[in-house]
Amino acid sequence: PDRRRHPRAHTHAHITDSAVRTHARPSETARSVRRLAYDNARHLIRVLHLAHSASGGRVLASRLSRRRSNAHQLALPASIMSRTSSRRTSLRITLMLSTLSLLAPANAFLVVPGPRAMAPAASTLLSRSVPPPRLACSTSSPLALHTGLACAAEQPALPSPSLKLFRTALGSHTSRQRHMSMPRMIASEDAGGDESPASLLSQEAWTESGFDAVQRLPATCRRLKQSVAESEHLALSCLADEDGIAAKVLTAAGTSAKALKAELDKFAQRQPTLSRTDTADVSMGGSMLALLRSAAKAKRKFKDKYLSPEHVLIAMLDDKRSGADALKAVGLTEPKLREAIETVRGGRTITTRTPEALYEALERYSRDLTAEARAGKLDPVIGRDDEVRRAMTVLSRRTKNNPILLGEPGVGKTAIAEGLAQRIASGDVPESLRKRKLLALDMGALVAGAKYRGEFEERLKAVLEEVTKSAGEIVLFIDEIHTVVGAGKGEGSMDAGNLLKPALARGELRCIGATTLDEYRQYIEKDPALERRFQQVLVREPSVEATTAILRGLKERYELHHGVSISDSALVAAATLSERYISERFLPDKAIDLVDEAAAKLKMDATSRPQALDEVNRRLLQVQMEEISLRKDAERDSRASKRLEALEAEEARLIEKQEALMERWEAEKDKMGRVQKIKEELEKTNMEIEKAEQAYELNRAAELKYSVLPQLQKELAEAEANAGGSEAEGSAQDAVGRASRGVIDDDGDGDDAPLMKTLVEEADIAAIVSQWTGVPLTRLLRSESTKLLELDAALARRVTGQGEAVHVVAEAIQRSRAGLSDPTKPIASFMFLGPTGVGKTELAKALAVNLFDDESSMVRIDMSEYMSAESVSRLVGAPPGYVGYEQGGQLTEQVRRRPYSVILFDEVDKAHPEVFNVLLQLLDDGRVTDGQGKTVNFKNTIIILTSNLGAQEVLAGEGDPTRQSEVRLKVLDALRQRYRPEFINRLDEVVIFNPLSREQLGPIAQLQLTALRSRLASRSISLHVTPAALDALVDLGYSPEYGARPLKRVLQKELEAPLARALLSGEVSDGDDVIVKVDLDSTSLVVRRMTESEREALLVKRGRMLSGAGGVTVDVEGVDEVKEGSSWREEGSA
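Counted from 1, the sequence shown has number 372 at position 372 by UniProt numbering; the numbering is strictly sequential.
By construction, these hints were calculated from the structure, which means they are not laboratory data.
All values reported here derive from a predicted model rather than from experimental measurement.
Treat the hints with caution; some may be incorrect.
[As the list claims (entries may be wrong)] The calculated DSS-like cross-link candidates involving lysine-lysine, where the alpha carbons are at most 25 Å apart (straight line), are:
| no. | residue 1 | residue 2 |
| --- | --- | --- |
| 1 | K1077 | K1053 |
| 2 | K669 | K757 |
| 3 | K603 | K669 |
| 4 | K555 | K757 |
Please build the complete structure, drawing on both the sequences and the hints.
Okay, structure coming up:
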């Protein structure tokens, strides 16, 4: 090394002329140069001079300099490559390349002048003397890195002459020297050709799945511990996708991707490997380039636009390295491969980068309902025979044979299509529909991922082409068909509806659509050309009885899925309760959801730890912790010792109880599992019977039906009896065993009850409804007959002083609900007349609570807001073209959401006469058509109209019973003068409310005080009002003209306001007892905290304080029984 001439260079190597000219001791020269390079591996070889005296002392200089990212630059004079003398030039180039192969680092890439600047001898030598080299031309773009391989990149041309080294991940020096004696270089004419490595590996040349395979090449090489990507590596990368096009082609050709991968893996594992793979990079080998060029040739033969994995499979036939032998080993020939490719492609060419979306389009974008029906995966369809037959009739027509199922969401439109699939599978269809396939098209999958313009249309056209080629064998079912209109529509493109029209018109496509009435009106009717190609099949909501039948048919499926039993009463409750309380949804969907959720909840409870066992475990843990804390004190404290002994005895008892409960729980789980297993075998046997009957295997069907099936049914009955009946027996045996051991169940915790509940009952359904709606569970479980029989008394408890009005209303409702009234009309319709404040609105609220279990079930329409003719449209919705058309009417929308409700038209005498035209139709037919054309049913509502008409006549009667008939006649005369006869004639009852007397205000005041006490209970404050104070409140609030409303104002002023001041000032605190009494001096009400003497005097006066031997027993109001020794205060009441 001469460091003085080149102070920046770490190393200079001089190779003498004799070594170059005579090839003397080439191995020694190679060893010395290799040793020199490896000894300085941490540094960079800057300059290398090769002296060649035979060429006139001219120096062949090659400079190796550091580049970015560990790349290097090697400079070589172009004159060497342009010499015309063949022998000496060939010798020089050969020795030069041999020397460079020893010196060039592993991350090197060789760039030489272009072919036009090279002598023919030099070009021929580069292409023949060594394996395909890694070369790039200095006259065109260099090769850049792409996915770990050298690929073309658009960069400025290198200055000529130059030699550029790009990183290509060839591995370590040691492994490279061990497996290669010369650099593997790929000759390239100019890097921009169609078959250059750059163009063949660019993303634009491949489909998306093909380029994914290219990107998997480095991982494939690293898995095999190899640094050069050859043809077998590319083939393995293409086969790595198990659902890819290559795997499908091989399956269609009669083999599998797994078998071909095994053959290629065997060959690859016989090739040289690297000792380390974490630092190894990957370069492209010659066989891979040849395979790529063969694939490009196959692409041109198929007239495709992009390279794809199937082209690589065809190219493997010409790969003498590994591909041809591997294909031959798995029995593949060129005709087989080409036929398989045509089958998978369906005769299509590759024109997009995602051609797989067009292959087997029906299989990709639909599901075969008939195949699912044959496999028993579809639920049985019950009660829809008429709709299914209507659909089959339309499908059998010669033209326009496309039914469209119209109905509300959840009524069973999709179930009708599934029912038709089941009939096709069983052969119970006309001859024209036999051996047909019903496929459900997934519009969401068709649109999803279509990011390029025209891609969605190509997918849909591929689907339609497959349907057309089937020659009527395929019937498409498009659920939510309204999504077809506008689907895929964008600027410059058409929607799916326009693509369907020609096929529908020509009769090439038989289609069943399904959508809701609203969406049909909004989307389909706007396109008359599309609408006329479909025939409507209306699917109405089933009745409660039909829903119950549907649930009975689905019962076995849900029992099998959840592993529980479902009682028939639970099915009836699901149908009735969902119809009454879940008004925003439709039958049978909401009833099925109730059963499903109740069964799921029961299964969850059954498979988790029982509550009794959980309580024992918690108590045992508490006892053990207390024992630990007492052990230290037990030696010196006798009381602690006794307590410890008691705890140890309790621990032993709890452990024994825990073991018994665990044993019972495990036994019950085993019995439940046995029942579940037999049910699964029953279901499987029933499916086999159906398949045997369809295949006319009568012997097999008879054997299953009359031998296997009865035996399974017998085993199921025994298992269910064992699971249900043996629990009591086991409990009794456990009790006998515990008694014999001296263990007595004295805590009354119901040890004998089964730990696991496996039967869905009516209460479970009601609990789910209560969770969904918030209606109290106790009200849900009350029967309809009980509510009606108790209606009179329940209304009288809330509305006082109007006994006759309450009786008339209750009687009319009982008559209607007993089935004696017209079922098409509302339940009842009343006109409430009388003075203000006598209970007309309160009676309407009481009806809502007692009949429909919730005060919010009352729809209140204030008729003072409808005094003009224009405001009438707000009841039923604005007509088309007006503002608010989409919102619907205030009356119709509320009744649609809550069909079971009380509708109160308050102060109806203030409304415009046009309102009564709407009420005429409502009262007579029980239905109203809103502004959008929807019919709203009022048959489950109670219509109440209130008015102050005739109030003066009622007040003039002064509540005298002898004048009631006279007053009633006067009020009715006033009614006839105000309203038209056809309106009055449609009312069930005209109820006249009497004015309230002073005596009737007392119970009303008590009701108001009860409401106030409930509000104070949240602060644990009890309120006592003395009789004198109550009389004073009634005297102050009595007004025959204004009814009970003045009493409410008096309570606010004389009672609530002083109590609020006392709370704010601290005179009364939370938990205090408050007394309201009359101050005799000032004749006013006093509100203050109750003293202890007043509290005791109050209890003694009521006879509630009784002396007892062990203390004081207090019978507290609202508590049925208070045991001796109980505390003074129970739940905030004194």
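Each hint, compared with the structure:
no.: 1; hint: K1077 <-> K1053; result: holds, 15 Å
no.: 2; hint: K669 <-> K757; result: holds, 11 Å
no.: 3; hint: K603 <-> K669; result: holds, 11 Å
no.: 4; hint: K555 <-> K757; result: holds, 18 Å
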